[in-house]
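Residue numbers (the working numbering), protein chains in the order written: chain S, 1 to 467; chain L, 1001 to 1467.
Heads up, a few of these hints could be off.
Below, computed lysine-lysine pairings styled on DSBU-like, alpha-carbon distance capped at 35 Å [stated by the list, open to error]:
(1) S/LYS144 - L/LYS1318
(2) S/LYS155 - S/LYS144
(3) S/LYS117 - L/LYS1050
(4) S/LYS50 - L/LYS1117
(5) S/LYS50 - L/LYS1050
(6) L/LYS1318 - S/LYS237
(7) S/LYS245 - L/LYS1085
(8) S/LYS389 - L/LYS1386
(9) L/LYS1074 - S/LYS237
(10) L/LYS1144 - S/LYS318
(11) S/LYS237 - L/LYS1050
(12) L/LYS1117 - L/LYS1106
(13) S/LYS147 - L/LYS1050
(14) L/LYS1085 - S/LYS50
(15) S/LYS247 - L/LYS1318
(16) L/LYS1237 - S/LYS84
(17) L/LYS1237 - L/LYS1261
(18) L/LYS1245 - S/LYS318
(19) S/LYS318 - S/LYS74
(20) S/LYS237 - L/LYS1117
(21) L/LYS1389 - S/LYS380
Derived from the structure by calculation, the hints contain no laboratory data. Being a predicted model, the structure only gives us computed values, none of them experimental.
There are 2 protein chains.
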Amino acid sequence: MKPTLYLVSLMLIFTSCSNIKVEKQKKITINKTDSTVIKHFFNSALTQGKSYEWLRDLTSNIGGRLSGSPEAQKAVEWGENLMKKSNFDKVWLQPVMVPHWIRGEKEQAYFTSNNIKYKVPICALGGSIATPKNGISGEVIEVKSLKEAEQLGEKLRGKIVFFNRPFDATLIETFRAYGGCVDQRVYGAKTTGKFGVLGVIVRSMTSYIDDYPHTGNMHYGDIPENKKVPTAAISTKASNLLSEKLKENPSLKFYFKQNCKTLPDAPSFNVIGEITGSKYPKKYITVGGHLDSWDLAQGAQDDGAGIVQSLAVAQLLKTNQIKPKHTIRVVLFMNEENGLRGGKKYAEEAKTKNEIHIAALESDAGGFTPRGFSFSATLKNQDLIKSWKTLLAPYGLNDFEEGHSGADIGPLKSKTISLVDYRPDSQRYFKYHHSALDTFEIVNKRELELGSASLTSMIYLLDTYLN
Amino acid sequence: MKPTLYLVSLMLIFTSCSNIKVEKQKKITINKTDSTVIKHFFNSALTQGKSYEWLRDLTSNIGGRLSGSPEAQKAVEWGENLMKKSNFDKVWLQPVMVPHWIRGEKEQAYFTSNNIKYKVPICALGGSIATPKNGISGEVIEVKSLKEAEQLGEKLRGKIVFFNRPFDATLIETFRAYGGCVDQRVYGAKTTGKFGVLGVIVRSMTSYIDDYPHTGNMHYGDIPENKKVPTAAISTKASNLLSEKLKENPSLKFYFKQNCKTLPDAPSFNVIGEITGSKYPKKYITVGGHLDSWDLAQGAQDDGAGIVQSLAVAQLLKTNQIKPKHTIRVVLFMNEENGLRGGKKYAEEAKTKNEIHIAALESDAGGFTPRGFSFSATLKNQDLIKSWKTLLAPYGLNDFEEGHSGADIGPLKSKTISLVDYRPDSQRYFKYHHSALDTFEIVNKRELELGSASLTSMIYLLDTYLN
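Work out the full structure: start from the sequences and follow the hints.
Put into structure tokens, the structure is as follows:
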């Protein structure tokens, strides 16, 4: 379907549909025009890519990796070991103190209306306090926004506030829908705590109607200790049911119990591997994802995918004998989920050391089929990045636009740096995100490896054309 | 990420991220500019779409629907009933005789090398004869192409021929890889039967290395009865293992047993629903998928998805009060998999009745996230269709190109008709295709419903601009 691409591939790599021989591919003297190099990245990823097996290892043998947990520490060691076996010129751990929140015993919730008890799938939000030992029980007030809650004010006293504004399912780019709702999860407790509410429950951040609660971070902000209340997410199906039953019986009683707590900050690390630039060793291009994850599953799409894709950049450059001009840093950031301490630390140290960072690329939207990149850069570099669309569209990378540029690399922002965010297809992401469904089984090998090649191609182009 | 789209949606449908109210949406007086109408199709599909629940019903309550089977007949009734409950002006069954091949008892296979027995996941190919009751056993000759087999000629006598040319994993559009390999499955037995081979086994048509054999159609062509040999597909993992063991021990023995047979042709039907055109009732635009499927699973992606998406076209037109100018026919074609009798019959009857068919659209590439359309049309209409890309790109429909235009609608081809094929993302399709994995569980609701809206948008544009 893509004549140019197929022509290149036919000329260079194989004839007809015969088996691609890895050995043959390796022996080819690469004609280093951009389109040829990029085709080689994709060929290598699709035939020799290691991302999928690395992800299997990380997710199956370590699992969920919440900041401060033993699993997060194992993941640090896993990343360091893997880097040490790869083609990095230098591998090190960058120490960073991270929040240490633990979920404790599994949460429980139900509500009772007209003497019928309805079980509710629930999970505490990251950063929340526990309920008293025996849980809390109270009437529920449903609201659709922070503003509505503010306006209700004193009427919320002694109640459980239920934030139930759903995902806007009509938005094609589902991260927009997430962005349009997540304030309820993050600031629900901060906004209503001052009114003496009993607790806060929030509809899970997904358009899928199912039985899985989705966790995620929340902040109490600067409210006093005695105004902090337990906060949890409930499944979308339970949210719909609760809303329906509240219409029938506004004084129904909701009960929940959770056992989470925040321990003192814990020591942890960003894991960094460096390939020294051949021409500009003191100018840096960073590519990364985040190594920590939520604890309900294995953190496969969020963000195991970004981790293995970032690691694959080094592998695919090496396989295709591309020696970068600038120093390439692969960074496995710690604590994106509940603190962003890794990203902040990395930028802080870069500043302290007067490092010149010309570009950074992040993958934190899952290992789905490629769609494009968003970026934040100077006008000149925006035009440059957009001009690469013709090179990358044959791989499904059609969407090039200014926009979000990645949480972990965000703190690197300066007047000159180009920050780029990988944007795979987003239709399935929020089915799994922060829930018990985010396991290795829901990752597709081809989609993941295509992402690895997409990142490598972007790093190659940034290295080739920026300065 | 798509300013124009979001602007339209913001203006017309909702403010901020508040819940989309179906009632509100229905009351809106639609400004029938194309982009607005299309946005409404997508909004409706994503909030009120029925495709996913229809597919659940078809796949879970009926399951696999091989031509001539009781399940295929149930699917015909299912389709007719559903259409009769919808907004069609006319619903009817178009009789067609179909091949009636049955698999019989589950197949068995293994090979033995150096006294070790290796079990082989196997399935008969559709149209194949059975082995003798006790199966067949023989030495194996591995080949990579029909041409290689031809050249070996008499050396194949008494052997089992093993076609093992793999999918080309480097092709981004995976249907190209399928097209590059499937000749082995279709013509392997026809090509080698004349050399007195014992049987034919074929590597499954997928780039995924796993334990699932993928069935599919094969043809003996015009070879005499006594030259027909049993033909089966084995899993890719078993193919790799067999190939490896053959290198160590070229005289290893392969055994397989299958119990399939071809019964006399059976009566069946295309299911057709018609919405009469307001301006050109005698000019037809067809949209369809195929109702039959292979028998190893539920035929969810192939092609339950195309069936429910085609049915959704009528629903989404109605929901959005679009009255087509031309007569729209939704056709659930029978027997795409092993005969194309439904597609042929439909075209034949159209010709007999001198019907004027101006366009036809097919969905038979799964219910994955939208990517684009391929088409076959006059140069003028090709340009017209390509010009719609700007309208559809906000929904991920970026790929517009001349090419394949659908098996079932293919027989309608004429000098004037525009044939269009829906092309969703193809990365996952061949993981499931024709195997036991093609079940409802692997279909994603949003991806499926986006496809329904994509088809509806294309039908709307064909209806609006063609004549």
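Evaluation of the provided hints:
This hinted pair checks out: S/LYS144 and L/LYS1318 have alpha carbons roughly 31 Å apart, not beyond 35 Å. Only pairs whose Cα atoms come within 35 Å are accepted, and S/LYS155 paired with S/LYS144 is accepted, the gap being roughly 15 Å. Under the criterion of a C-alpha separation no larger than 35 Å, the hint pairing S/LYS117 with L/LYS1050 is consistent with the structure, at around 31 Å. As the CA atoms of S/LYS50 and L/LYS1117 are separated by approximately 31 Å, the hinted pair is consistent with the 35 Å bound.
For the proposed pair S/LYS50 and L/LYS1050, the alpha carbon gap of about 39 Å is over 35 Å, so the pair is violated. For a cut-off of 35 Å, the pair hint linking L/LYS1318 to S/LYS237 stands: about 28 Å separates their Cα positions. Annotation: proposed proximity of S/LYS245 to L/LYS1085 holds, straight-line Cα distance about 31 Å (limit 35 Å). This hinted pair checks out: S/LYS389 and L/LYS1386 have alpha carbons roughly 19 Å apart, not beyond 35 Å.
With a C-alpha separation of about 32 Å, the suggested pairing of L/LYS1074 with S/LYS237 holds against the 35 Å cut-off. Simply put, L/LYS1144 and S/LYS318 have alpha-carbon atoms about 31 Å apart, close enough for the 35 Å limit, and the pair holds. Between S/LYS237 and L/LYS1050 the CA atoms are separated by roughly 18 Å; this keeps the pair inside 35 Å, and the hint holds. Of the supplied pair hints, the one linking L/LYS1117 and L/LYS1106 holds, its CA atoms being roughly 19 Å apart against a limit of 35 Å.
Only pairs whose Cα atoms come within 35 Å are accepted, and S/LYS147 paired with L/LYS1050 is accepted, the gap being roughly 34 Å. Among the hinted pairs, L/LYS1085 with S/LYS50 is inconsistent with the structure: their alpha-carbon atoms are about 51 Å apart, more than 35 Å. For the given pair, S/LYS247 sits about 31 Å from L/LYS1318 by alpha-carbon distance, which is consistent with the 35 Å threshold. Of the pairs offered as hints, the one joining L/LYS1237 and S/LYS84 holds, with about 31 Å between alpha carbons and a cut-off of 35 Å not exceeded.
At most 35 Å may separate the alpha-carbon atoms for a hinted pair to count; L/LYS1237 and L/LYS1261 meet this at roughly 27 Å. Between L/LYS1245 and S/LYS318 the CA atoms are separated by roughly 32 Å; this keeps the pair inside 35 Å, and the hint holds. The suggested pairing of S/LYS318 with S/LYS74 holds, with an alpha-carbon distance near 26 Å, which does not exceed 35 Å. Pair hint S/LYS237 plus L/LYS1117 does not hold up; C-alpha atoms about 50 Å apart against a cutoff of 35 Å.
For the proposed pair L/LYS1389 and S/LYS380, the alpha carbon gap of about 27 Å is at most 35 Å, so the pair holds.
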